[in-house]
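For reference, the chains in residue letters:
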Amino acid sequence: MTVEAPTLADPHDWLRRRSRWSVFEIAFWVASLLPFFLFQTYLPLASQIAITALFAVSVDLVLGYAGVVTLGHAMFFGLGAYSAGLISKAGWGEPLTGLIIAGLFAGLVGYIASFIIVRVQHLALIMITLGFCLLTYELANSMSWLTGGTDGLQGVETWPILGVFRFDLWGYAAYGYALAALFLGLVLSRRIVHSSFGLSLRGIRENVRRMPAIGSDYRGHLQKIYTISAVMAGCAGALLTQTTDTVSLDTLSFQRSADVVVMLVLGGTGRLYGAVVGTIIFMVARDQLSDMNPQYWYFWIGLLLMVVVLLMPRGILGSLAQLARRRD
Amino acid sequence: MISQLAIVLFDGFAFGMLLFVLSVGLSVTLGLMNFINLAHGAFGMLGGYVAVTAMRGLGWPFLAALPAAFLAAAGISVLLERTLFRRLYKSGELNQVLFTIGVVFVAAALATYAFGTVQQVIQLPAWLRGSVEVAGLRLGTYRIFIIAVALAITGLLVFGLERTRLGARIRAAVDNQRVAQGLGLDVEKIFAVTFALGSGLAGLGGALAIEIVGLDPSFGFHYLVYVLIVVSVGGLGSVAGSFFGAALLGICDVAGKYFVPEIGSFLIYLLLVAILFVRPLGLFGKR
Numbered sequence: 001m002t003v004e005a006p007t008l009a010d011p012h013d014w015l016r017r018r019s020r021w022s023v024f025e026i027a028f029w030v031a032s033l034l035p036f037f038l039f040q041t042y043l044p045l046a047s048q049i050a051i052t053a054l055f056a057v058s059v060d061l062v063l064g065y066a067g068v069v070t071l072g073h074a075m076f077f078g079l080g081a082y083s084a085g086l087i088s089k090a091g092w093g094e095p096l097t098g099l100i101i102a103g104l105f106a107g108l109v110g111y112i113a114s115f116i117i118v119r120v121q122h123l124a125l126i127m128i129t130l131g132f133c134l135l136t137y138e139l140a141n142s143m144s145w146l147t148g149g150t151d152g153l154q155g156v157e158t159w160p161i162l163g164v165f166r167f168d169l170w171g172y173a174a175y176g177y178a179l180a181a182l183f184l185g186l187v188l189s190r191r192i193v194h195s196s197f198g199l200s201l202r203g204i205r206e207n208v209r210r211m212p213a214i215g216s217d218y219r220g221h222l223q224k225i226y227t228i229s230a231v232m233a234g235c236a237g238a239l240l241t242q243t244t245d246t247v248s249l250d251t252l253s254f255q256r257s258a259d260v261v262v263m264l265v266l267g268g269t270g271r272l273y274g275a276v277v278g279t280i281i282f283m284v285a286r287d288q289l290s291d292m293n294p295q296y297w298y299f300w301i302g303l304l305l306m307v308v309v310l311l312m313p314r315g316i317l318g319s320l321a322q323l324a325r326r327r328d
Numbered sequence: 001m002i003s004q005l006a007i008v009l010f011d012g013f014a015f016g017m018l019l020f021v022l023s024v025g026l027s028v029t030l031g032l033m034n035f036i037n038l039a040h041g042a043f044g045m046l047g048g049y050v051a052v053t054a055m056r057g058l059g060w061p062f063l064a065a066l067p068a069a070f071l072a073a074a075g076i077s078v079l080l081e082r083t084l085f086r087r088l089y090k091s092g093e094l095n096q097v098l099f100t101i102g103v104v105f106v107a108a109a110l111a112t113y114a115f116g117t118v119q120q121v122i123q124l125p126a127w128l129r130g131s132v133e134v135a136g137l138r139l140g141t142y143r144i145f146i147i148a149v150a151l152a153i154t155g156l157l158v159f160g161l162e163r164t165r166l167g168a169r170i171r172a173a174v175d176n177q178r179v180a181q182g183l184g185l186d187v188e189k190i191f192a193v194t195f196a197l198g199s200g201l202a203g204l205g206g207a208l209a210i211e212i213v214g215l216d217p218s219f220g221f222h223y224l225v226y227v228l229i230v231v232s233v234g235g236l237g238s239v240a241g242s243f244f245g246a247a248l249l250g251i252c253d254v255a256g257k258y259f260v261p262e263i264g265s266f267l268i269y270l271l272l273v274a275i276l277f278v279r280p281l282g283l284f285g286k287r
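Keeping their order, the protein sequence lines are chains L and G. For the first sequence, UniProt numbering assigns the number 1 to the initial residue and increments by one for each residue that follows. For the second sequence, UniProt numbering assigns the number 1 to the initial residue and increments by one for each residue that follows.
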């Protein structure tokens, strides 16, 4: 993916122009309110999608923008999910503070892990991220006195949001809550990727050796974005806990790490809405095909992956954008 | 206690040798083309199912089913390599990872369709069943057989790489692909041959593994993790690295599950992260 060069004299101006809200974005957010009025029966699915999309955006920041291939981001999702659940079990079910604490905890672990992440590249990087994820999974599995092991964490209770909106059976509050979090996450991510920091991340992705040569501290940048992404993934995990009132071991699984990367690639990496669109397509398709044996469902996902990688390496959104550009 | 330790060491070593056969091909192909082939475990699964079909459907003896597994995996892998994988050598590692994960998904679904999700079993010939007593220890005959096969393969590989013309070409291409190409070596062809051999070994490993770890459609995914650990810990493109990496992993895994079952596989993942932290290129990696 090439980034068009700034043509104006003032680079800040260029950055500002790129970060302007487009019509499509506004239309998207208006459309995201539709489930409240039109598809009420699908509200639980919609909140699942919003949560997973937030997780996918967090992965996009490290994978799509900074080019760090990670197969273990479910670790932060799961850490967030478990810490939110444990806080609530300990007697503090207030959702917003629980969300923040869970996110910060995942971020702290992410910060510590980032010291190792920036040291390695290529296969070793993939293996270290995968290793971390498997490690946390085994840890959670063996510490069943704390996490409930394979039975999952039971007895989580979440208080109403802001003391007003109770989590109802229909999922109005859950979807509103998850959507608000996704919106905040995306606004924050937009701000990040359209800043000079975001540009240097893309520089790292395009050519990691050149960054030190032009005086950019690429390790520091990578650590920062990895930590930010861990916080966001942790928040997504905490949202899942608070909206479903349970935590299961599969929040930490390799499957979740792989699925989120699949969604990201379907939509298109290195573009924030690619993560969201990919998540919607993946989750809706899975919901519609849920009566199918999951093994066969993965046949189609596998085939789709192969086709996307071979024919549309920029993902669905990327290919659409390319088509639109060719028309002009 | 001492005899317990010896048994665990022996079982672990046998398991490690199984992992070695499964993963050595990936190590060499990764070193050659830097192509991250996560579908390697799927070729192992293919070999396993070929062996099961040959023995149960066609009534072949075990010793004939093993080469069949090797040939089937080698043939199908080279077909895939020529038609699909070669398009991805120049693209980024993410695309390689995703494409080959897609292959694993499809392979698992096809295996479910053809064989169902049940664990497959095979009937070993009588001379491989039971155990023999060596110096007061009862050792499984089949595990001794696996160790013998793995050692023979190691010998063949080392001899082939060090003493034959093809081996010299492979070593040259691993060391420096560009210079090898400049000297007139057809690196693509070398790679296709290596890929077929490596996948064939994975298929053989899959067939050997049925008796020890079983075989079901999740094999490709489950053993992928083990295979990747062996490759990354051992170092790319190194037969000796894969050998020691696999032996270490096998022994640690069996010992961990035997002595401290409550923390399960935690130990090997910790070992993986620790080794890669200290040596990102693996124990025997050069580049």
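Do not rely on the hints blindly, as some may be mistaken.
[What the hints assert, rightly or not] To be clear about the criterion: a stretch of chain L counts as covered by chain G if any three or more of its residues have a C-beta under 8 Å from a C-beta of chain G, and this derived list gives those stretches:
1. 136 to 147
2. 175 to 183
3. 260 to 267
Since the hints were derived computationally from the structure, they do not count as laboratory data. Note that the Cβ used here is the ideal one computed from N, Cα and C, for glycine as well.
Structure-based check of all given hints:
{"no.": "1", "hint": "136 to 147", "verdict": "holds (count 4)"}
{"no.": "2", "hint": "175 to 183", "verdict": "violated (count 0)"}
{"no.": "3", "hint": "260 to 267", "verdict": "holds (count 3)"}
Taken one by one, the earlier hints fail for this structure only at number 2.
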